[in-house]
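Here the protein sequences line up with chains A and B, keeping their order.
Start counting the first sequence at 1090; every next residue gets the next number (the working numbering).
Start counting the second sequence at 186; every next residue gets the next number (the working numbering).
Since the hints were made in silico from the structure, they are not lab data.
Keep in mind that a hint or two might mislead.
As the list claims (entries may be wrong) - Taking beta-carbon pairs under 10 Å as the criterion, some of the chain B residues facing chain A (in silico): (1) M346; (2) R351; (3) L362; (4) I368; (5) S371.
Unchecked claim - Calculated pairs, SDA-like style, for lysine to any residue (alpha carbon to alpha carbon, straight line, at most 25 Å): (6) B:K393 with A:M1219; (7) A:K1146 with A:T1196; (8) A:K1146 with A:G1240; (9) A:K1146 with A:I1310; (10) B:K393 with A:W1210; (11) B:K204 with B:V279; (12) B:K393 with A:W1217; (13) B:K393 with A:F1226; (14) B:K204 with A:A1166; (15) B:K204 with B:V318; (16) B:K393 with A:M1290; (17) B:K393 with A:V1303; (18) B:K204 with A:L1267; (19) B:K393 with A:I1310; (20) B:K204 with B:V366; (21) B:K393 with A:L1223; (22) B:K393 with A:L1140; (23) B:K204 with A:V1256; (24) B:K204 with A:G1211; (25) B:K393 with B:A381; (26) B:K393 with A:K1146; (27) A:K1146 with A:V1215; (28) B:K393 with B:L408; (29) B:K393 with A:R1220; (30) B:K393 with B:P411; (31) B:K393 with A:T1224; (32) A:K1146 with A:I1262; (33) B:K393 with B:R383; (34) B:K204 with B:T214; (35) A:K1146 with A:P1263; (36) B:K393 with A:T1196; (37) B:K393 with A:D1218.
Keep in mind it's a predicted model, so treat the numbers as computed, not measured.
C-beta: ideal position from N, C-alpha, C; glycine also.
Chain residues, written in single-letter form:
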Amino acid sequence: MTAPFRGTTPQQRDPQALVAKPIFDWFFAFAVVAVIVLYVRALAFTPPDALQGLAQKIYYVHIAAWLGAYTAIGITALMSIVYLWLHDERADRLGEASAEVGLVFLTVGLTTGTIWAHRIWGAWWVWWDMRLTLTLFLWFIVAAYLVLRGGIEDPGMRGRYSAVLAVLAALLIPFIHLSVYLFSARLHPMPVALQPGRPKMSPEMLTTFLGSFVAFIILCIALIRARYRLGVLRDIASAAEIDGDAR
Amino acid sequence: MNELRAPGTLSAAWLLARKDLAIEFRTRTAFFSALVFAILALCIFYFAWDQSIVAPSELAPGVLWVVLTFSALLGLQRSFGLEEHDRGIDALLVSPVSRESIYLGKAIGNLLFLSAIQAVTIPALALFYNLPVGRPLLVVTGIVLLAMIGIVAVGTLFSAMAVNTRMAELLLPMLSLPFFVPILMSAAQIATRTLAGRPMSESAPYLKILIAFDVVFVVACTLAFPFTLEE
């Protein structure tokens, strides 16, 4: 009982041809090039930090990865609300794609963060840092979201359940934030680039820093796009399978 | 002609809770297994720390929350599993009660089920960990009740979702535990402070979080529940 979804009706396209056709994703290639250019710049053409030395270079991955993660997870939350409201399969698929990309960026953020923390804080993990703990639980929730999706076969039910989870998670985040905030030391460096007044950063560093944001946002969108297309193909393939079974 | 009327939301919820509790009362299997699990866990955790370094009374609050969480998950698992066997959920759906009352009924049933377990577990904790019986223990019991409202609110919804998936037993903890974090963090802080004899005013911010969580999630999960049923 898969409802026909707008934009791509399985009857209009031959699923075999669609799956077999190789796709060269120009946008994705552009994103990869942007990230490479950024890292060449960050490693070779940006001065090291006065206090943290080379360890600070990880900022260009770490903070940019967070930006990507929050963008992706924001899209998932938004699409879940849209799905519960309009029951449009595209919203569900976009939510799924963003959640998966979000999990990747969260993992990158957590990994680079612990490496940096080991060097600068002297510990791999500090529980009472608010952002660290909050993000860890965010990671768990996104993981649960994806596992939940994997455990349900009916597309309608899968969409509804995961949207409900995402909306409740959006309510949960402030609570985790608040409870960690109450007894936490804030070890994370406060924002440097986007604070009011003049940024306390050399112009080269600032350019690289903002460049890393742009590169990662492009990468994030490119990954979500690619993952969304995969979702479309999967749905077409499973619709064709059901079609074939019916005949 | 007899006047047949559909019951209101809350009275229907109470009827459903009574139905679940009657089933439980007649079979008693889930209750006893959850209870034995809770007390067994209390005893096992006693040996997880070196008693010459950490005094049992300092250990007690931590053990309490671990045991509470996992015995709650056991109880919640069974809540909608019960309806799954003979597709009892279909009968509930065709009955003239609102979907919100199905949720509330299940939640009330779960709350009473878990309270009954805690009613034995907390005295057992006091016994095994040499806690002074008195006002602090009473306060902790109150906090347990507040924590349980939040746990049950979220857990009942996820239990309804998890039974329809391929790996219900695994998925329920995976979905619920992140949601228990703010509850456990604040409840554990209050319990530790209270048992250490600190004034209640120190725990006020945590108490506020706990109460706010209960209110927000009871409302949100009641509203979300209809989405988890087949349309």
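Verification of the hints:
1. Interface hint status for B:M346: upheld, as the beta-carbon distance to the closest one in chain A is roughly 5 Å, under 10 Å.
2. Satisfaction of the interface hint for B:R351 is found here, the shortest Cβ-Cβ separation to chain A being roughly 5 Å, below the 10 Å cut-off.
3. Checking B:L362 against chain A by beta carbon gives a least distance of about 7 Å; that is within 10 Å, so the hint holds.
4. Interface restraint check for B:I368: the shortest CB-CB distance to chain A comes to about 9 Å, inside 10 Å, so the restraint holds.
5. About 5 Å separates the beta-carbon of B:S371 from the nearest beta-carbon of chain A, less than 10 Å, and the hint is met.
6. At most 25 Å may separate the alpha-carbon atoms for a hinted pair to count; B:K393 and A:M1219 meet this at roughly 19 Å.
7. Using a Cα cut-off of 25 Å, the hinted pair A:K1146 and A:T1196 holds, with the two alpha carbons roughly 18 Å apart.
8. As the CA atoms of A:K1146 and A:G1240 are separated by approximately 40 Å, the hinted pair breaks the 25 Å bound.
9. Of the supplied pair hints, the one linking A:K1146 and A:I1310 holds, its CA atoms being roughly 24 Å apart against a limit of 25 Å.
10. At most 25 Å may separate the alpha-carbon atoms for a hinted pair to count; B:K393 and A:W1210 exceed this at roughly 32 Å.
11. Only pairs whose Cα atoms come within 25 Å are accepted, and B:K204 paired with B:V279 is accepted, the gap being roughly 16 Å.
12. Annotation: proposed proximity of B:K393 to A:W1217 holds, straight-line Cα distance about 20 Å (limit 25 Å).
13. Of the pairs offered as hints, the one joining B:K393 and A:F1226 holds, with about 21 Å between alpha carbons and a cut-off of 25 Å not exceeded.
14. The suggested pairing of B:K204 with A:A1166 is violated, with an alpha-carbon distance near 37 Å, which exceeds 25 Å.
15. Distance restraint check for B:K204 and B:V318: the Cα-Cα separation of roughly 35 Å exceeds the 25 Å cut-off, and the hinted pair is therefore not satisfied.
16. Between B:K393 and A:M1290, the direct Cα distance comes to roughly 41 Å. Violation of the 25 Å bound is thereby established for this hinted pair.
17. Between B:K393 and A:V1303 the CA atoms are separated by roughly 40 Å; this puts the pair beyond 25 Å, and the hint is violated.
18. Between B:K204 and A:L1267 the CA atoms are separated by roughly 38 Å; this puts the pair beyond 25 Å, and the hint is violated.
19. For a cut-off of 25 Å, the pair hint linking B:K393 to A:I1310 is broken: about 40 Å separates their Cα positions.
20. Only pairs whose Cα atoms come within 25 Å are accepted, and B:K204 paired with B:V366 is rejected, the gap being roughly 31 Å.
21. Only pairs whose Cα atoms come within 25 Å are accepted, and B:K393 paired with A:L1223 is accepted, the gap being roughly 19 Å.
22. For the hint linking B:K393 to A:L1140, the alpha-carbon distance of about 41 Å lies beyond 25 Å, and the restraint is violated.
23. Of the pairs offered as hints, the one joining B:K204 and A:V1256 is violated, with about 31 Å between alpha carbons and a cut-off of 25 Å exceeded.
24. Of the pairs offered as hints, the one joining B:K204 and A:G1211 is violated, with about 57 Å between alpha carbons and a cut-off of 25 Å exceeded.
25. A distance of roughly 20 Å separates the Cα atoms of B:K393 and B:A381; the hinted pair therefore holds under the 25 Å criterion.
26. Restraint check for B:K393 and A:K1146: the C-alpha separation of about 41 Å exceeds 25 Å, so the hint is violated.
27. With a CA separation close to 21 Å, the supplied pair A:K1146 and A:V1215 stays within the 25 Å bound.
28. At roughly 23 Å between alpha-carbon atoms, B:K393 and B:L408 fall within 25 Å of each other, so this suggested pair holds.
29. For the suggested pair B:K393 and A:R1220, the alpha carbons sit about 22 Å apart, so the restraint of at most 25 Å is met.
30. For a cut-off of 25 Å, the pair hint linking B:K393 to B:P411 is broken: about 29 Å separates their Cα positions.
31. Proposed proximity of B:K393 and A:T1224 is supported: the alpha carbons are some 23 Å apart, at most 25 Å.
32. Proposed proximity of A:K1146 and A:I1262 is contradicted: the alpha carbons are some 29 Å apart, above 25 Å.
33. For the hint pairing B:K393 with B:R383, the CA-to-CA distance comes to about 17 Å; that is within 25 Å, so the pair holds.
34. Restraint check for B:K204 and B:T214: satisfied, since their Cα atoms lie roughly 16 Å apart, inside the 25 Å limit.
35. Annotation: proposed proximity of A:K1146 to A:P1263 is violated, straight-line Cα distance about 31 Å (limit 25 Å).
36. Between B:K393 and A:T1196 the CA atoms are separated by roughly 32 Å; this puts the pair beyond 25 Å, and the hint is violated.
37. Note on B:K393 and A:D1218: the hinted pairing holds, with a Cα-Cα distance of about 22 Å set against a maximum of 25 Å.
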